[in-house]
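Go by the hints and put chain B onto chain A.
Quick note, the sequences are listed as chains A and B, same order.
Quick note, the first sequence lines up with residues 1 to 426 if you use the numbering used here.
Quick note, the second sequence lines up with residues 427 to 852 if you use the numbering used here.
The hints are simulated quantities; they were obtained by calculation from the structure and are not laboratory data.
There are no misleading hints in this set.
Here are the simulated distance ranges between beta carbons:
1. B:Q597 - A:Q171: 56 to 62 Å
2. B:D556 - A:P129: 16 to 22 Å
3. B:K669 - A:R277: 46 to 52 Å
Glycine included, each C-beta is placed from N, C-alpha and C at the ideal position.
Protein chains: 2
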Amino acid sequence: MEYLKCSAQELEREYDALMCRFKEEKSKGLSLNMARGKPGKEQLDLSLEMLDVINSKSEFVGEDGLDIRNYGILHGIDESRKMFGEILEVPANSVMVGGCSSLNMMFDAISCMMTKPIVEGCKPWYEVPDRKFLCPVPGYDRHFGITEYYGFEMIPIPMDENGPDMDMIEQLVAEDESIKGIWCVPKYSNPTGITYSDDTVRRFAALKPKAKDFRIIWDNAYCIHDITDTPDKLLNIVDECKKTGNIDLPIQFCSTSKITFPGAGVAAMSASSNNMRVFANRYSYQIISYDKLNMLRHVRYFGNYKGLMEHMKKHKAVLRPKFDIVLNTLEQELKPTATAKWTNPNGGYFVSVDVLEGTASRVVALCREAGVVLTGAGATYPLGKDPHDSNIRIAPTFPPNHELELAMDIFCTCAKLAACEKLLNK
Amino acid sequence: MEYLKCSAQELEREYDALMCRFKEEKSKGLSLNMARGKPGKEQLDLSLEMLDVINSKSEFVGEDGLDIRNYGILHGIDESRKMFGEILEVPANSVMVGGCSSLNMMFDAISCMMTKPIVEGCKPWYEVPDRKFLCPVPGYDRHFGITEYYGFEMIPIPMDENGPDMDMIEQLVAEDESIKGIWCVPKYSNPTGITYSDDTVRRFAALKPKAKDFRIIWDNAYCIHDITDTPDKLLNIVDECKKTGNIDLPIQFCSTSKITFPGAGVAAMSASSNNMRVFANRYSYQIISYDKLNMLRHVRYFGNYKGLMEHMKKHKAVLRPKFDIVLNTLEQELKPTATAKWTNPNGGYFVSVDVLEGTASRVVALCREAGVVLTGAGATYPLGKDPHDSNIRIAPTFPPNHELELAMDIFCTCAKLAACEKLLNK
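Chain A with its partners taken away, still in its complex shape:
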């Protein structure tokens, strides 16, 4: 039944039935978690044998000709730079392989530009009191956190199925020199799961920002994380930027956090030589070298890019049923009510659900009451403020399938309950 077409009496009856179901679900005393994009145990087990690859009998001289157990090789070992070059479709010599976290590398990059200009002659961002950052919404809370930490005013940019609103971006960056960058998850975007259209990527590459030190943070976190047989294809922004002469615009990031072990994977960045000069200078003061044993462990385990892609198929096999559970439950439970919209992604880690406007916080609170922890309502917006109180990020990867089914049932009950409450002014 479409809620908006229901009479008050019909809605009251629906409300009573839902409340009954809610109480029943709550009485089970569940403790389920769909809050974060954490791989599930089954996925972690996929990479177990990687831990056997480097052992006391290993050969430790890599392609650089050095004993990788010792200090040195600031940019990461050659074989790892090559592999990340293949993942990001960029030359290996534009890649720096860092620690275990691409978030940390992004934080370092912003931190670097806060106190040292990325373009000679520009002011470090710390000295731009009204500094601003563009934040496509809904987006990744930890991205927004970094620019919040560094005191940026964050301007939300609406997303649709082609990516962020390019008209708005083009106009804003052309006019305002204090806009210094934009957060992007261009493929299987967090949380909507959409991939930027070719036109969007081309328009990014053709941006003419007033700020010479405007940078696109291109967080390609899910570039090889397909979950269907019709994966999205993202246009290569570096190639496009070559055509427009804007090679210094994008800075790319990715990691193996959701390929091998979250927090114990390997992260990388790729940037133009002008950008890399500034970042590498900082890194040369910051650290002697990152964990090359873990780099070698990863490269030797996958063997080559083909081996890596074979490994990704195993993740897909684990994740496909989880996304099916989410999408099928939404389809069955929420679609008839016509109060919610959601995405049907070909990859990534999330399903983004827009529940009835003004009810997202209530849905999250109800779910928590019934033992299901969701990402906080509003988390996908800068400062945690969703002006429509509508978006909820569903992270289906962590719970086992039977728990996910329970959690999604509860989610739908709560979404419908909150919608009834709202429509009935309860």
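For chain B alone, coordinates are given in the frame of chain A:
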């Protein structure tokens, strides 16, 4: 023969003999390196079996009760915090275990204080244009590099066998609010190898800096790195600071870089809860969690603190002969000339040699000509400027013993040659 007591003719004869020897050594076409404090291959092999400890058959639930293969536990796993607590003689809950590099953690700490005040109400250091940092000399070039990168004026503080000149430090910090900190390697100091006396530590703990946000960077890099049977004992600065009420003054760092694998070890910091609140806040934006698999690998390999100390004995057995080669050669070759002084440390990674004033650069250049790379002359001073052009850091750990013998012979030849040149005004 004491050079300063020699006649010109005697010195000329010595010079000719040395030049002969230098040419002979040069003709061997050697390529030896005593530049950095890198462990040698034999030391790296000591930890090989650690690489077998974590494998596909391992149990991955740690004391925190979580699967450590997944995201989470920002401060590091409990068992690792405990072990670093024992190493630094501080409570485990004051410890944060970070990535693979204590240098990186120090960089992060300074970086943090550049843009966020460590004490509420103080200005972030970026906003203190005449910010200054105290640099005990000779000291660690990478420390000085961090404060150079962040635009500090660096004030050299002379070191003696008890540590840095405390009279000078007390006076400077009491007068100048723009002095924000001091770099310290309190035990087996880099490069002099001395350990701060109890009195020095007590005076550090009793400092009354004008700047409320003055911090002591206590880089306890060599705290368990003894090389003799009469190890130094460092007074616990945290305990002393408790007595003086200065608990927020010190921030401690250490790592396993020179215990297991440089660059693939584990690093940690320890600080008061006030300090840690500021750093942990930053880390909560910077990263989700560090490599917990590597933390577990280390803890399980050593078993406990006793196991760790047993492991350190193996390092000592490898390093003792290397230091003996250096010290014996200096004793035999340089002592008679009475032109140089050096330290005889009970631990750490270096021997600090003061050659005849005004000849250090020349000695390093001559060594390089003869195929021996040393740490650059002046590297142990801020901005690489040794006002006496006298200090050279000898790093004996990396070369195999037979190479070290050759390198030290060449070093002594070059030191004497440069001294003769200087005294003869050549």
